[in-house]
Amino acid sequence: MNIYRNKKVAILFMLPALVFVILFIYYPIIQNFIYSLYRWSSFSEVKVFVGFDYYKRLLSDPIFYIALKNNALYAIISIVFQVGVGMILAAVLEEKIMRRYQTFFRTVYFMPSVISITVVGLLFQLVYNPNIGLLNAFLKVVGLETLTHDWLGRSDTAMFAIIATSQWQYIGYIMLLFLVAIQKIPEELYESAMIDGANAIQKFIHVTIPQIKETILVTSIITIIGAFKVFDEVYVMTAGGPGRSTEVLASYMYRAGFRNDEMGYAATIATVIFLITFIVTLIQLKVSKEKNEA
Amino acid sequence: MANISLRGVKKVYPGNVTAVRNFNLEIEDKEFIVLVGPSGCGKSTTLRMIAGLEEISEGEIYIGDVLVNNVHPKDRDIAMVFQNYALYPHMSVFDNMAFGLKLRKVPKEEITKRVKSAAEILEIEDLLDRRPKALSGGQRQRVALGRAMVREPKVFLMDEPLSNLDAKLRVQMRTEIAKLHKRLQTTFIYVTHDQTEAMTMGTRIVVMKDGDIQQIDTPQNVYDYPANTFVARFIGSPQMNITEGLVRDNDDRIEIVLSEDTIINISQEKEKLLKEKGYVDKKVLVGFRPENLHETEVDELKSHYSTINATVEVSELMGSETYLYMNKFGKQIIARVDPKSKKRSGDRVELRIHWDRFHLFDIDTEEAIK
Amino acid sequence: MANISLRGVKKVYPGNVTAVRNFNLEIEDKEFIVLVGPSGCGKSTTLRMIAGLEEISEGEIYIGDVLVNNVHPKDRDIAMVFQNYALYPHMSVFDNMAFGLKLRKVPKEEITKRVKSAAEILEIEDLLDRRPKALSGGQRQRVALGRAMVREPKVFLMDEPLSNLDAKLRVQMRTEIAKLHKRLQTTFIYVTHDQTEAMTMGTRIVVMKDGDIQQIDTPQNVYDYPANTFVARFIGSPQMNITEGLVRDNDDRIEIVLSEDTIINISQEKEKLLKEKGYVDKKVLVGFRPENLHETEVDELKSHYSTINATVEVSELMGSETYLYMNKFGKQIIARVDPKSKKRSGDRVELRIHWDRFHLFDIDTEEAIK
Amino acid sequence: QSSQPTGGTDQVEIKFLHKWPQPEYSVYFDEVVEAFMKENPNIKVSVEAVGDEPIKDKLRVLMGTDNQPDVFFSWSGEFAAKFVRSNNALDLTPYLENDPEWKNSIMEAGLEPFTYDGNYYGIPFRINGKFFVYNTEIFNKLGLKKPNTWDEFMTVLETLKQNGITPIGFGNIYPWAACHYITGLNQKFVPQEVRVKDYNPKTGEFTDPGYIKALEYFKSLNDKGYFIEGVNSTEHNMSNQMFYGEQVAIIYVELEEFVEVEENLPGKWDFFKMPDIPEGKGNQNFLTGAPDGFLVSAKTKHPEEAVKFLKYLTNKANADKLVQQLGWPSPIIGAVNEGNSPDYLVRGMKAIEEAEGMALWLDTDIHIKISDVYLPNLQELLNGTKTPEQIMAEVQKVAKEVQSEVE
Amino acid sequence: MNKEHNGLSKFIFMFVFLLLITYSVIIIYPLLWMIISGFKTNQELFLEPWGLPAKLLWSNYKSAWDVGVGKFFVNSLFVTSVSVTVTLFISACCAFPLSRYEFKGQNIFLLIIIGGVMLAPQVSLISLYKLLQRLKIYNTYWALIIPYIAFRIPFTTFLIRSYMLSLPREIEDSAYIDGCTSWRLFWNIILPMCKPIMATSALLAAMSVWNEFMFALVFIEDSTLRTIPVGIMNLRSTLSTNWTILLAALTISALPMIILFIVFQKQFVRGITQGGVKG
Ligand SMILES: Nc1ncnc2c1ncn2[C@@H]1O[C@H](COP(=O)(O)OP(=O)(O)OP(=O)(O)O)[C@@H](O)[C@H]1O
Ligand SMILES: Nc1ncnc2c1ncn2[C@@H]1O[C@H](COP(=O)(O)OP(=O)(O)OP(=O)(O)O)[C@@H](O)[C@H]1O
Ligand SMILES: [Mg+2]
Ligand SMILES: [Mg+2]
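If you're matching them up, the sequences are chains A, B, C, D and E in order. Note that our numbering has the first sequence beginning at 59, numbered continuously upward. Note that our numbering has the second sequence beginning at 647, numbered continuously upward. Note that our numbering has the third sequence beginning at 647, numbered continuously upward. Note that our numbering has the fourth sequence beginning at 5, numbered continuously upward. Note that our numbering has the fifth sequence beginning at 25, numbered continuously upward.
Be aware that one or more of the hints could be misleading.
Straight-line alpha carbon distances no greater than 25 Å define the calculated DSS-like cross-link-like pairs of lysine-lysine that follow [what the hints assert, rightly or not]: (1) C:762 <-> B:855; (2) B:779 <-> E:128; (3) B:814 <-> C:855; (4) C:828 <-> C:928; (5) A:114 <-> D:401; (6) C:676 <-> C:828; (7) C:986 <-> B:988; (8) B:928 <-> B:918; (9) D:404 <-> A:105; (10) D:48 <-> E:160; (11) B:748 <-> A:271; (12) D:401 <-> D:201; (13) D:401 <-> D:373; (14) D:223 <-> D:401; (15) D:305 <-> E:160.
Far from chain D by the CB rule (all over 12 Å, computed), these chain E residues [what the hints assert, rightly or not]: (16) 127; (17) 216; (18) 242; (19) 285.
It should be emphasised that the hints constitute simulated quantities derived from the structure, not laboratory data. All figures in this text were calculated on a predicted structure; none of them were measured in a lab. The beta carbon of each residue, even a glycine, is placed where N, CA and C say it ideally should be.
Looking at chain A on its own, in the form it has when it is part of the complex (with noise of 0.2 Å):
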């Protein structure tokens, strides 16, 4: 027998979990799925079936595309700072000669997350406002006065803004998620690259990345979730305009059901939200099944 192939012992463990996630999360999102399938209002028992409809009518919706678009920016983006920088930062403050300070950095950088959307979001409505913004006024002081814009009252810039915003307040918080696994790679292994002759970047390239593969799989996973369930931000700070420009899928959705009363529309967007994620969180541990294989 092996002793880690006893599945009775696996599934008591897991029971509990499987119980609360099946209830609460399956179970409603295969009801909405038959939600998409309707015509119906939340304040109406009639409830017309209309089959795919909805799904074809969102495959020909500009603003489905718009709000993929955006939410596709989103996720690069993130991945970029969140991941990227998240990562780089912890393992700055992980070297041996930062961590006298790091418990000061890693307090501060992880506040704004704990801060609520809607203090984040009004506070940057002012960073970002045209008169009386910091942004602009930041960039009149150093000379790039061609540069000021009204960041989320324009189309080109509004998007980016959010996400910025977004930036702003979660690197700290997948930095933390990067520190606690860079904290658990044994110490000797760098030892072992020093000796082997190499310098701070080479440790990160060849000792750090490989052994925080998994948490870089976890991080990229919830914040390319993330982005594509992305909502107080848009919510709070824009409300999807100027015009359509920022909206995102949720939003979309939340639109779509809670003002315009078509929950069967709604229900399908969230569908696809779900459709997308389910399918890049797959690709996404196919791709490091398949690395770690090699």
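Starting from the structure of chain A, add chains B, C, D and E with the ligands where the hints point.
Then chains B, C, D and E with the ligands, alone, in the frame of chain A:
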């Protein structure tokens, strides 16, 4: 040039554990220094300080005349075999060995060549693609060794690199390390608890105890002239027999009384020494190694020999040799005799020993009398 | 009752690495079995299968007549010393040792007593409060050993438990393990690569190679009658010299020609054997151990001895013995002689060897001829 | 009195959901409820309050269940109509008919927006109009007067601008702000019957050129620089603060905000309606604004008690209390009067009463799907990323879709 | 070595350090802004958002507290502590076999569990609402606690699992030999080694539960059961928002998380799994 000099080096670990205290050692270029000592005496700590992996609490370390206290390990040009291997779990055996070379931008073919050849020597050619996790203990250790062997650094540090290998392989590896030393002509510092390794490989042996150096000398000298009873007991297996004896002036000849029936003669130099240092009529510690007790009659000058009569309690056949355990002078005495010895438990034996083979120590300081 | 029986046990690791193949062994209750073999031959794997930590690919394992293939390790009542220690990093040394007892609901005072006494034996009383991270290699190993020692299981499995200890401590520990065995009267299975341990501790030795058993026998028999050249070479240090020889019928006496100037006589039993098995005029492998080559004249029956003449290439002084390396029969021959030998590089020697000391092997199968 | 389902001391519970959790407001409701329960010991009113935005979600979720509050807040117009269409709102006509005194105490302008197919479904609680509020000091200094026509308005704005004062504070991060302008402009540009027809989901076409004109006029305010910078990233609230800080001369606010204006700029302000546009084809005498109020759930088990509570809430005494305590304009006739209210409130109410009708907030008056296209596009309009024609084309398209969906 | 700074590396250190400090300022400044703004009047906030208040309006903090932040606080504390504790426990239990065992269908279970990460909770709002009513826990603390647990489990499991994956197998082996049942192994060996990730997960879970808004809004009707975010959000409405009180309230509500973080710092133990195995 890689002479290494440790001056007053001290290491205190957090929790106030003093692992090394006042360590002074001058290592010539190309020397092969062996550190020995009981478990926990600070051998690994010393190596790690030389490598720069452990902060030095006090003192200075020079490598090739450069004070390296504040030099980063990567800049010390050192190769090291870690006691606990410290292999990169995410790299194949090949990559583990090649990593140090890659970082030094050694050309690819050269890397392959060196790794292959080291792998061959270590008999791990078949394992190059595996991850450390899929290796046996000894195989891991060989990879750790290989990782150092492919390099050509100024200094090699090896921390019990052969402890998990079988005797045969160990002999091979010992030879290979010796060859490596010869070929590269660099300084080696080598930790081992294996007598044979210590005796055969080192140009000098450093014997440590509780963070202190006990003796630094060539292997033969450490064996022949242990500085104190600790070294005497620690080096050599089975251990040296040590017993008390009274120095007696008997008609102008100095002799030592071990027991009523055992009085030993000593050489003239020793006599002079004892007299000069004022040991006459005092007690000293007398040591003699099991392998210097002979069962057979000797034809040389009888006066150079003393005789110990005892009864065998246990005789242990070890294949290539036989140990006889006897109770004498109130303690257990061991003799290592020819395997053809027919002596068994209960037999009486008469063992002879040459007067050059006695070691004399002060009874209080336990230092050798010289 | 803890007789253990392994029947046709096989282990294939993922990646199609066969670590153990067709392992058959019946272990009596209270036996002290020692597993030896070159690094990577499957010793640890075998132990791990007995412990239930590794799935058995094929075959059956019984402990005390119960088929345990599907019994959980915790229910096998086993104590084990892991080759790589496997200490609990988050627990103090005391807790590491006490954990197994706590799980078994041993009363608190009893636990403290046992742990304390084991710690004393292992000389780690001062370290009981430390975490494994703050220990030296040898100290960690002793904790690992202590963890097993406090238990009173049906079976002890020890995987190179002394490899990181110095000779002196190792001798002490060896004795302690022997005492433990005597006191608890349980079955021990012990992996080591140390000749002395294998020879002195085991009631039987199992010699393995590449996952196969080569020989199972008492230590003395393995040494004296190696089943094949592998065992012959593996057991004994320095290794047995093995060379080819032609079996020749010379006037009704069978002799073996090793080289033009070296023709050896053999005992009558051996003659008979060679004749019966039809080796006359065929080549065989002849082995003889370095310690059986004597420099000195022998007074016994000359005819029982053969003489080998050679020139010393290297002479190695090892303190308690001297090795002479010679080139002969186209290969290197080693002799282990008295340390008083005055032979140095370039000197000619005449070495004698008793005819009982020759080992004969088939040249193709390399099995002992018997 | 009302029919008691079971006699005796059995208490019935009615749930009351409003949208003013802020303590300075909620205290009013708590007091009224307290008093009501004292008078009617057999009725227990449990109050819940959630804020402005959350209540929209809350209602939606609650409507699909049996847990509906018996009396709940709703905006007038389309927002309320939704509940009617989905049979969630109780028809209050019989109750009003049975109690003409009650009915007559309420302004028609307040009741009318809660009608659907000629029946009353809601009782107004507040009534609101939208006015330009201006800084009298600045106007006096520059010798400016309240404008009556659009042209005068433009002159005023231009003068302000020439004098280095940003004319209008306007925060359109949530485009309902722009929509309030368009509500008025549409009303002034589009013939009344066309507009009414277009705003009806069943018949809406939005092809009248007046809609485009309205957008153009609105856009010109921004293009000429009469709005502050970055309108699409400014909150309404923040633009108000700019007015209070005398950084802008004019803001466009609702009647209920007058209290706040007075608080921040006491005595230094006045207000005017949206100026007339003579060339506009619509009725110039309407006022932008709407009532909000309460509906009774169609599923309520205690309609009598619920109505009773509603009646109590909107009686004259409580309306007076509302005006006095919170300074909110009440649709109860005579609740706002010189005796109990500040002058500005009385004048504001008068303007509402004088108006021929009310132009309900565009976003609550047209079908939500149309407004969902219309409103965001107003931001695009201001940014210059879409032309009025493009926007109306989109609106027309969605109007057509809506026509086919609403049976 | 640690103290080593030759010219170049000293320069690099200073440079990096400067970057880190700059980033800290970028973060601290807004936080200070939040705290300071809590002392301002509404007008000061909007007209001079970056200035200092003319006088410190402690009353903002006081009124924030009086508005009910105090009461909400207790609710939040209860809901958060129960949710986080249960979540951690269940997730750790679940992560254990997923990381340490091999069994058929393991990947499917893994997918089922972490699949939950992918769901925007908004999606399930209505179905959950109905479900909670059917379970008769609507408008109780459990109406929040249970969904919070459910939605937190996937990510927490995910985190803990990836940490557990890297713990050395040998230590488990040795625990089994010592006589551990799977449960004891989990409880006495694996969990203690997971301290850092447990602390992190607890922190992250607490954070998200503490700030959760949508469920708290919809699943709780009774204002005496409200949690902080809904309480605070109710202060905000389109027309008249007393922003500065809101900010004061938010500062108060962020405080416990910050304190929690500082407390949990201790659990970030470097090298907790080190020294156990050789090789
Ligand atoms: N997890 C694994 N996957 C694949 N191969 C393995 C694995 N573990 C061990 N092996 C291989 O199986 C063989 C036997 O290993 P084992 O650990 O039993 O050797 P050993 O006799 O204990 O050696 P040593 O003396 O070096 O410890 C070795 O060749 C090793 O490389
Ligand atoms: N990190 C640490 N913290 C505290 N004490 C330590 C630490 N590392 C080692 N020590 C202690 O310092 C002493 C010297 O340790 P060191 O590893 O140098 O011994 P060693 O000579 O290599 O022994 P071994 O032969 O057992 O490996 C030991 O007593 C050990 O317990
Ligand atoms: Mg060591
Ligand atoms: Mg092994």
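Output the indices of the hints that this structure fails to meet, ascending. Structure breaks hints 4, 18.
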